[in-house]
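K.L.:
Note that the protein sequences, when read in sequence, are chains F, W and S.
Using the numbering used here, read the first sequence as starting at 1 and increasing by one per residue.
Using the numbering used here, read the second sequence as starting at 1 and increasing by one per residue.
Using the numbering used here, read the third sequence as starting at 1 and increasing by one per residue.
Be a bit skeptical, because a hint or two may be false.
What the hints assert, rightly or not - Each pair of labels, with its calculated beta carbon distance range:
1) W/V307 / F/N89: 51 to 57 Å
2) F/N89 / W/N29: 29 to 35 Å
3) F/R91 / W/T444: 31 to 37 Å
4) W/R394 / S/P185: 53 to 59 Å
5) F/A26 / S/D231: 41 to 47 Å
6) S/P185 / W/N347: 47 to 53 Å
7) S/I20 / W/D100: 44 to 50 Å
FYI, nobody ran anything at the bench for these hints, they're computed from the structure.
Idealized CB from N, CA, C, for every residue including glycine.
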Amino acid sequence: MTKKKGGVFTKFYIALILIFLYSPIAVMIITSFNKGKTVVWKGFSLKWYGELFKDKAILGALVNTLTIALLASFFATILGTMAAIGINNFRGKKRAVIQNVSNIPIISPDIVMGVSLMLLFAFLGNIFNFEMGYVTVLISHICFCVPFVVLNVIPRLRRMDQSIYDAALDLGCNQFQAFFKVVIHELMPGIISGFLMSFTYSLDDFIITHFTQGAKFQNLSTEIYAMLRRKIPPTINALSTLLFVTIIIIMIIINVRDRREEKRNSGR
Amino acid sequence: MEKTAKKTVISLRDIFVRFDGEVILNHINLDIREKEFVTILGPSGCGKTTTLRIIGGFVSPDSGDVIFDGEKINDLPPNKRSVNTVFQKYSLFPHLNVFDNVAFGLKLKKVPKDEIKKKVTKMLATVDLKGYEKRSVQKLSGGQQQRVAIARALVCDPEVILLDEPLGALDLKLRKSMQLELKEIQRQTEKTFIYVTHDQEEALTMSDRVVVMNNGSIEQIGTPEDIYNEPVNAFVADFIGEANILNGIMIDDCRVRILGKELECVDKGFGTNTPVDVVIRPEDIQITSPEDGQLTGVVQSSIFKGVHYEMSVMCGKCEIIVQSTKSAEIGSTVGMRVIPFNIQIMNKLLPIQSNTIETTVTYADESAQYFEFELEGETITVKDKYIPKGKRVRVYLPFDALSITGAGDGDLKDVYIESVVYKGEHNEIILESDSRKWLMLSDTDEQVATYVPLYFDFSKASFEILDSAEEKEG
Amino acid sequence: MKTRKLTIPYIIWMLVFTMIPIVMIGITAFTDKSGNFSLANFQSAFHYSGVFTKSLLIALISTAICLVVAYPLAYMMTRMKKSTQNTVIMLIMIPMWMNFLLRIYAWVILLQKNGPIDSALSMLGIHGTYIGNTAAVIAGMVYEYLPFMVLPIYTVMSKIDNGLIEAAQDLGSNNAAVFGKVVFPLSIPGIISGITMVFVPSASTFLVSQYLGGTDDIMIGDVIDKIFWTDQNTGSAISLVMMVFIFIFLVIMNLFGDEEAIA
């Protein structure tokens, strides 16, 4: 009964918020099909999309963004999963300390992480004679991704029946077999969501990359930043539109997968 | 008995285990023979699961040896032992179906595929799960999951199967039928089964031998009949079946005094005038007319239990439970008889008359009338009693001067409840602190194997000043 | 037990790439260019106290608006059908997965001169500038961080056991009382994490104000970004001061949360 009472107001309120959230994006998408250079409508055209695909800087940045996101989330997933399993075997104070330290990258502002890593890399660069670039950005991204993996895997470990590891040993597995044949399957949902979270955060990151990218490296965010500084080229609208569509497709896939999993779980 | 001729498969020799400073297993010795169904029985926290995990290889003992077929296997990891476990919560692998769960161990042993198929199919038939091969284990009922777990352990053809309270999660009816089924599977497969449970009825029904454990030690090992009929002490008697456990005095061989009456019994060798525990099973008591009874009492309650009536009879302040096919009227006075053979005499668990503390006064205040002494690292204050500093003193605390409820942290912070035995009038509770044991009386049921604070009531205590210390001082 | 060793690579990693860098900020903040101990950086940092105040103010206002908008939304969502809830959550999350800069840029397009809002209002005879002021910065902040407020509150609220609500109704509570005595107290942890998740980034970010703000809408993040490339010492000092502010804020939030948990 309470559900129907607020119906109209609820719908109105949610609609208002969605308008707030989507109108800038909508304007951007519409503008991307504009023949003119500004928002003033001059007629439909796909020319900005054509120009986008000719823009080597953007395409290069896109490749960098994707490879960094993949590698960073891959390494973060391995490091984070190992860490989670280890942390789960600590008790009391030691555990609290490790978990608090591992939350630092999540709660500390991006700019502090970026600046502090820049200091470190500049310092190490002086000693070992290297310049910031792809590798330093990758390391920085692994840094802020690992905690998300740890946070996602630990609850799975807690929920897991600890004795299935014992059962695997009992049936003849050594420790590695027990992990790869049994335990990992139980942790998989946590590992996957940790990986996906890492991937999206890495894709989206600007600030930390900004401070650790060095002179030559660009990812999509920093490239856009640079473009916006120079002038506002309309290709950006085309790029945003394409990214938006990609994101929607990915979200739908994830959502369908989640719901399927939910159904499977509720079937237990 | 022919069973004794069988070969010993597993020996535990002087096993000692400690976790976080707490003794879990206190020098356990246990031999397990071929093809036998052994049940380790005890309350939760008694160390029975740890014993099983030592045999399985999941826990290594701090000292002592695990011997398997004559070989010491202390450091052999679980995957190298010819032992398989059925876990408490089954611990089936959720990502595998029934077939793959059962085949798991065989696949690791690199058994050829067609042979795996044959063995698994046969095993699933044994546990009554034919046709369930492709089912997801998560969609099975508790009983079915249980059978998969048993099949998964059995199919590896180990010499010994360990079962850790495998029926604990099932409902009563299913548990009863699974008990019989398990026993049948054991008979068919001729394996050694080591079964852990806290359910005494389960232990009596299924086992060839029962090992009763409490507080990290083995109290008694024997056939179900032995354990039931001749418990070695009040703990075992109380834990197995229903029993009247009474305080008695062994006057001489075959003569015991309980509830102020002298009765004939068959036990010898307890000495003269020795305090003992006496067990009389409720079904061994005959109700007679008051004149014919060895003991008399007033019927407090009578409940019909299907086969018999269970009556509570008060003999003075002491309650005695009687099972009889005839009911007696509530409020009536009845007589009770027990034949000598059914009176079981046991040594007392803790043969003390009162709790004594021998100590030296560490601080005393004459004007405020109190003194202090040290006990297991705690400072204990005795109020309204002055004994000068440095004196040796012996404090006698009667059983009712101890309690485990009160304000604050207690005089001793964490004492362990080792056993709780109902003696008709009160519960007799044995407590263990760091360096000693205590006996107290309580009218409430306390949870065994938990930690509680201990309080002393020194107004009930008596004090004896020992001279020797005075001389030293002088 | 042996699996504890698996934390070793992680601990080394965190030490080298999280703890040491933060310690380096501390060291750099307290030294001058030649590496001697100095407090001069903090004197320079003090020049920006106006920026600090404004940043914190903008962050607080943005956080407050986010909370006021998000809380009813989260509550309404929990009262809807489960499938509708999932859809709405997805709709709220989608813009969040869009590149941060592109989202601000979208606002630039929307608010700029001759942009849709300007043209629409001009047609009605209203003329003005909608970009380059504090209000635009706050709007941008709310836009960027609103989902971070909605999600934790919604998550906590949707976990409230329906039995509790029914029990409260059963004991005679009306809807307002159910909300006040059950839903609100239980949603406080969500509110706290929402506030944290919005306040920390909005106090420290430097892009929103750069694109949407005017010349006097510089935030502390902008200052750090600008200074750090030339003067790491002063930059570190400002970062350190900002960290201290944020740390104090987090501690206060946690205290508040703990007290509520006890009460």
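K.L.:
Could you tell me whether the CB distance from F/A26 to S/D231 stays inside 41 to 47 Å?
P.N.:
Holds, since F/A26 and S/D231 (Cβ atoms, about 42 Å apart) stay within the stated range.
K.L.:
Do the beta carbons of W/R394 and S/P185 sit within 53 to 59 Å of each other?
P.N.:
holds, 57 Å
K.L.:
Taking the CB of S/I20 and the CB of W/D100, does the distance hold inside 44 to 50 Å?
P.N.:
Once the Cβ atoms are compared, 47 Å apart, the range 44 to 50 Å for W/D100 and S/I20 holds.
K.L.:
Look at the Cβ atoms of S/P185 and W/N347 and judge whether their distance stays inside 47 to 53 Å.
P.N.:
violated, 59 Å
K.L.:
Using the beta carbons of F/N89 and W/N29, state whether their distance is inside 29 to 35 Å or not.
P.N.:
holds, 32 Å
K.L.:
Using the Cβ atoms, figure out if F/R91 sits within 31 to 37 Å of W/T444.
P.N.:
At 33 Å between Cβs, range holds.
K.L.:
Quick check: does the Cβ-Cβ distance between W/V307 and F/N89 fall within 51 to 57 Å?
P.N.:
holds, 52 Å
Violated hint: 6 only; the structure is consistent with all others.
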